[in-house]
Amino acid sequence: MNTNSKFAWNLGDIFDAVGEAVEPTRPALIHRERTLSWSEFNASTNNLAKNLIARGASPNDKVAFYLANGTQYTQLVVACMKARLVHVNVNYRYLEDELHYIIDNSDAKFVVYSSQFSARIANIHSRCNNVSHFIEVDDSGAAGPPKNDFAEDMKGLLNEGDGHRLDIRRSPDDLVFIYTGGTTGMPKGVMWRQHDLWGGFGGGKSHPCAYRVLDNVNELAAAVKSYEKPLTQLIACPLMHGTGLFTALTTLTGGGTLVTMGVNGLDPELTWQTAQDSKVKSIVIVGDAFARPMLNTLETTPGRWDLSALRLIISSGVMWSSETKEGLMNLIPQLICADLFGSSEALGFGNSISSEETGVQTARFRIGDHCKVFTESQREVLPGSDQKGFVARTGAIPLGYYKDEAKSQKTFPVINGVRYSVPGDWCTVDENGFIRLLGRGSACINTAGEKVYPEEVEEALKRHADIDDALVIGLEDEKWGMAVTAILKPRAGKVIETSGIHSHIKTLLAAYKAPKNYVMSGKSFRAVNGKADYKSAKTFAIESL
1 MNTNSKFAWN
11 LGDIFDAVGE
21 AVEPTRPALI
31 HRERTLSWSE
41 FNASTNNLAK
51 NLIARGASPN
61 DKVAFYLANG
71 TQYTQLVVAC
81 MKARLVHVNV
91 NYRYLEDELH
101 YIIDNSDAKF
111 VVYSSQFSAR
121 IANIHSRCNN
131 VSHFIEVDDS
141 GAAGPPKNDF
151 AEDMKGLLNE
161 GDGHRLDIRR
171 SPDDLVFIYT
181 GGTTGMPKGV
191 MWRQHDLWGG
201 FGGGKSHPCA
211 YRVLDNVNEL
221 AAAVKSYEKP
231 LTQLIACPLM
241 HGTGLFTALT
251 TLTGGGTLVT
261 MGVNGLDPEL
271 TWQTAQDSKV
281 KSIVIVGDAF
291 ARPMLNTLET
301 TPGRWDLSAL
311 RLIISSGVMW
321 SSETKEGLMN
331 LIPQLICADL
341 FGSSEALGFG
351 NSISSEETGV
361 QTARFRIGDH
371 CKVFTESQRE
381 VLPGSDQKGF
391 VARTGAIPLG
401 YYKDEAKSQK
411 TFPVINGVRY
421 SVPGDWCTVD
431 ENGFIRLLGR
441 GSACINTAGE
451 KVYPEEVEEA
461 LKRHADIDDA
471 LVIGLEDEKW
481 GMAVTAILKP
491 RAGKVIETSG
501 IHSHIKTLLA
511 AYKAPKNYVM
521 SGKSFRAVNG
531 KADYKSAKTF
541 AIESL
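If you're matching positions, the sequence shown starts at 1 in the working numbering and goes up one per residue.
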């Protein structure tokens with residue numbers, strides 16, 4: 001086992017225990033005007049799990065989630081865990097060929113999709129030979145049968161049954177898949193054993209009701225039952241990605257309340273309104289792609305929302321600039337900004353906490369337990385050496401990538417007899433053990449023999465008052481080999497003078513890191529989860545130049 005606990009953890013067992021320990025009337029899910037109590041949540045997920053099994057689902061069968069945020073996404077995740085089925089996330093921005101690739105690559109037996117995507121599903125239905133059941137989630141608000149006659153209505157599967165716990169023996173080896181696109185190639189399915197995923201969550205110590213690694217599921221149930229201040233958390237980012245899903249699971253396994261908004265993308269005004277109406281204590285975002293528009297909205301309408309209940313904003317996945325954190329903390333004085341360094345391939349690389357007491361931190365993380373930094377030749381980086389290396393985590397890590405042994409061996413190497421997860425993030429380690437994140441190695445730019453890490457330059461660019469967002473790529477160049485190129489989105493009403501930007505960068509970074517080319521864009525090249533779309537940005541830059 002890969003956690004500090006000798007107990008064999010399974011998330012289906014955890015949700016059984018938590019569902020019966022928590023106060024039945026406490027809200028579990030809030031979505032728009034609908035509130036689902038823990039009693040209703042527990043019963044509906046039990047019903048759904050039984051009805052999936054009744055339709056032929058067997059342990060380790062894959063279930064593709066082609067869904068936007070909503071109560072049904074969370075109900076289905078928990079039902080799959082209770083029924084020993086494997087969650088497969090599908091980006092709801094995918095079109096037919098991308099959608100079919102994930103369904104086919106994952107060997108999905110069930111496909112559950114939002115009614116707003118029914119036409120896309122209809123277009124690929126005949127190609128999905130391995131799929132036995134299509135299930136449609138009505139997110140339109142209109143009553144009636146599914147739009148596709150080959151699909152079954154989700155409502156019936158949630159409501160039919162007595163709601164009682166399943167009589168089923170589960171395994172710590174039951175899986176959760178997280179498909180991640182990375183920066184190159186087709187998406188890969190990261191395979192997490194549920195026991196290891198729980199260890200990645202901290203074995204319970206990350207929950208406000210625990211503060212320590214728990215020894216067994218009964219201890220967790222007792223902690224949840226006695227806790228009087230459960231977390232109410234708003235997931236502003238998509239549940240279809242690791243940041244949203246993992247934070248949702250930690251909230252619910254602590255007996256808390258999960259709030260979603262049901263929009264495919266960020267709506268800053270709705271985010272703050274929902275935070276006020278549901279009195280949320282925590283909001284989950286993905287870096288500046290979320291935080292900057294949210295800050296701009298607060299600055300243009302000061303005092304509009306009562307955010308006195310809000311204590312924490314959590315971000316993971318991309319850079320979150322110090323200026324944005326500082327702006328939010330100035331307007332919400334009690335706020336703590338928690339920057340968590342992790343990925344689909346490993347959790348707990350490090351954390352960076354900004355508050356009134358600690359000051360503002362960016363890209364500097366306290367290294368997590370079970371983590372080390374290695375050079376490309378797999379030598380451990382000594383703290384304070386200023387040597388660059390890859391951050392690596394051992395212990396509670398995934399099994400690898402589904403059906404890709406070569407990629408698995410590269411990302412999960414054995415170093416000095418110990419298996420690590422090494423997603424490819426470059427960093428340095430200071431004398432106090434703090435890591436300074438530089439960026440993902442696969443996006444590294446080699447310019448005139450020097451390595452430049454895009455995220456480091458992007459962070460410096462976004463510190464300029466006139467820049468709303470920035471991406472940095474390398475373009476082939478006869479003189480430099482690769483020319484550092486910045487794609488900039490100006491703030492509303494601002495015109496960016498590149499000479500001023502160039503001078504600004506040189507006050508923050510070594511001169512060779514300053515972009516050689518600047519391209520202006522009216523939009524951010526980012527996916528809905530806030531992560532950079534370097535491929536599209538590069539195409540745009542080449543065409544513009």
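Misleading hints may appear alongside valid ones.
Computed list of lysine-lysine pairs in DSS-like fashion (alpha-carbon distance at most 30 Å, straight line) [unchecked claim]:
#1 K403 with K372
#2 K155 with K205
#3 K388 with K479
#4 K535 with K513
#5 K531 with K205
#6 K479 with K506
#7 K535 with K506
#8 K407 with K494
#9 K513 with K538
#10 K523 with K506
#11 K506 with K531
#12 K410 with K451
#13 K229 with K205
#14 K410 with K494
#15 K506 with K407
#16 K516 with K479
#17 K531 with K279
#18 K147 with K229
#19 K279 with K6
#20 K410 with K535
#21 K410 with K513
#22 K494 with K513
#23 K531 with K516
#24 K372 with K279
#25 K506 with K494
#26 K147 with K225
#27 K479 with K407
#28 K538 with K388
#29 K279 with K388
Honestly, the hints are just simulated from the structure, not real lab data.
Problem - List of violated hint numbers, smallest to largest - result: The structure breaks hints 2, 8, 14, 15, 18, 19, 24, 26, 27, 29; every other hint is satisfied.
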